[in-house]
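> Add chain R to chain A, keeping to what the hints say.
Top to bottom, those sequences are chains A and R. In this text, residue positions in the first sequence follow the working numbering: the first is 1, and each later residue adds one. In this text, residue positions in the second sequence follow the working numbering: the first is 1, and each later residue adds one.
Fair warning: there could be bad hints in the mix.
[Unchecked claim] Cβ-Cβ distance ranges computed for the label pairs, FRET-style:
no.: 1; chain 1: A; residue 1: Leu19; chain 2: R; residue 2: Gly59; range: 29 to 35 Å
no.: 2; chain 1: R; residue 1: Arg81; chain 2: A; residue 2: Ser53; range: 30 to 36 Å
no.: 3; chain 1: A; residue 1: Arg55; chain 2: R; residue 2: Pro8; range: 30 to 36 Å
no.: 4; chain 1: R; residue 1: Thr76; chain 2: A; residue 2: Ser96; range: 25 to 31 Å
no.: 5; chain 1: A; residue 1: Ala97; chain 2: R; residue 2: Lys14; range: 33 to 39 Å
no.: 6; chain 1: R; residue 1: Pro61; chain 2: A; residue 2: Thr26; range: 21 to 27 Å
no.: 7; chain 1: A; residue 1: Ala78; chain 2: R; residue 2: Leu117; range: 41 to 47 Å
no.: 8; chain 1: R; residue 1: Ala2; chain 2: A; residue 2: Ser28; range: 33 to 39 Å
no.: 9; chain 1: R; residue 1: Phe66; chain 2: A; residue 2: Tyr76; range: 38 to 44 Å
no.: 10; chain 1: A; residue 1: Pro40; chain 2: R; residue 2: Leu55; range: 31 to 37 Å
no.: 11; chain 1: R; residue 1: Leu55; chain 2: A; residue 2: Gly41; range: 29 to 35 Å
no.: 12; chain 1: R; residue 1: Thr115; chain 2: A; residue 2: Gly60; range: 24 to 30 Å
no.: 13; chain 1: A; residue 1: Ser69; chain 2: R; residue 2: Pro8; range: 43 to 49 Å
[What the hints assert, rightly or not] Derived coverage of chain R by chain A (criterion: at least 3 residues anywhere in the stretch with Cβ under 8 Å from a Cβ of chain A; other residues may be distant):
no.: 14; region: 36 to 49
no.: 15; region: 106 to 115
Calculated directly from the structure, the hints in this document are not laboratory data. No residue lacks a Cβ here, since even glycine has one placed at the ideal position from N, Cα and C.
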Amino acid sequence: KQEVTQIPAALSVPEGENLVLNCSFTDSAIYNLQWFRQDPGKGLTSLLLIQSSQREQTSGRLNASLDKSSGRSTLYIAASQPGDSATYLCAVRPGSARQLTFGSGTQLTVLP
Amino acid sequence: GAGVSQSPRYKVAKRGQDVALRCDPISGHVSLFWYQQALGQGPEFLTYFQNEAQLDKSGLPSDRFFAERPEGSVSTLKIQRTQQEDSAVYLCASSSRISGRYSGELFFGEGSRLTVL
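Chain A on its own, in the form it takes in the complex (with noise of 0.2 Å):
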């Protein structure tokens, strides 16, 4: 069975700073991964979507980048704002399956 573990589960830094978010999967079989950003009391909105052939995606400030082999994606995030401030979520998505597996999630909190 799929696991999906982020470190940290939080996360405090102040504005301006470069910061990673880590995230580790069990299953290398994937078929894509995805990272999300939820905001408190909100739905989740897609940020960056690696297929399983690719080795990163670049939009704007944010970078994703995939080890398959090593089971690990981690989001960078450049230059980081209070407006960054949200959950970060990476789910994978089986190659056997549609759905997708979720992690926990990293709290990010941008101190102005």
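Here is chain R on its own, set in the frame of chain A:
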């Protein structure tokens, strides 16, 4: 529509009541998923539809949970005889097939927060 729409946003039910939660996916999206999210946790898969066919309901926690999508667009998640442990946010997501390739990107609604007293 522009995004996935869910209603009601908030529902308070007395233990034993039946509830129905509605999801209106992005127009044209063939795949629809329901997830359950407990406080402080990531979403857990409940069930999956492709058009009107329910292809996977392995995540439904008990036979009190029932989902349908009769015309392949709007979906309803019904919970019968609600229990306190059913209190959670219920999220709906949809995705599409683009140019014969399944992109797999999921788009989520804002969820329905159910509180069972």
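> Determine for every hint whether it applies to the structure shown.
The hints, checked one at a time:
no. : hint                           : result
1   : A:Leu19 x R:Gly59: 29 to 35 Å  : holds (33 Å)
2   : R:Arg81 x A:Ser53: 30 to 36 Å  : violated (46 Å)
3   : A:Arg55 x R:Pro8: 30 to 36 Å   : violated (42 Å)
4   : R:Thr76 x A:Ser96: 25 to 31 Å  : holds (28 Å)
5   : A:Ala97 x R:Lys14: 33 to 39 Å  : holds (36 Å)
6   : R:Pro61 x A:Thr26: 21 to 27 Å  : holds (23 Å)
7   : A:Ala78 x R:Leu117: 41 to 47 Å : holds (45 Å)
8   : R:Ala2 x A:Ser28: 33 to 39 Å   : holds (36 Å)
9   : R:Phe66 x A:Tyr76: 38 to 44 Å  : holds (42 Å)
10  : A:Pro40 x R:Leu55: 31 to 37 Å  : holds (33 Å)
11  : R:Leu55 x A:Gly41: 29 to 35 Å  : holds (31 Å)
12  : R:Thr115 x A:Gly60: 24 to 30 Å : violated (37 Å)
13  : A:Ser69 x R:Pro8: 43 to 49 Å   : holds (45 Å)
14  : 36 to 49                       : holds (count 7)
15  : 106 to 115                     : holds (count 7)
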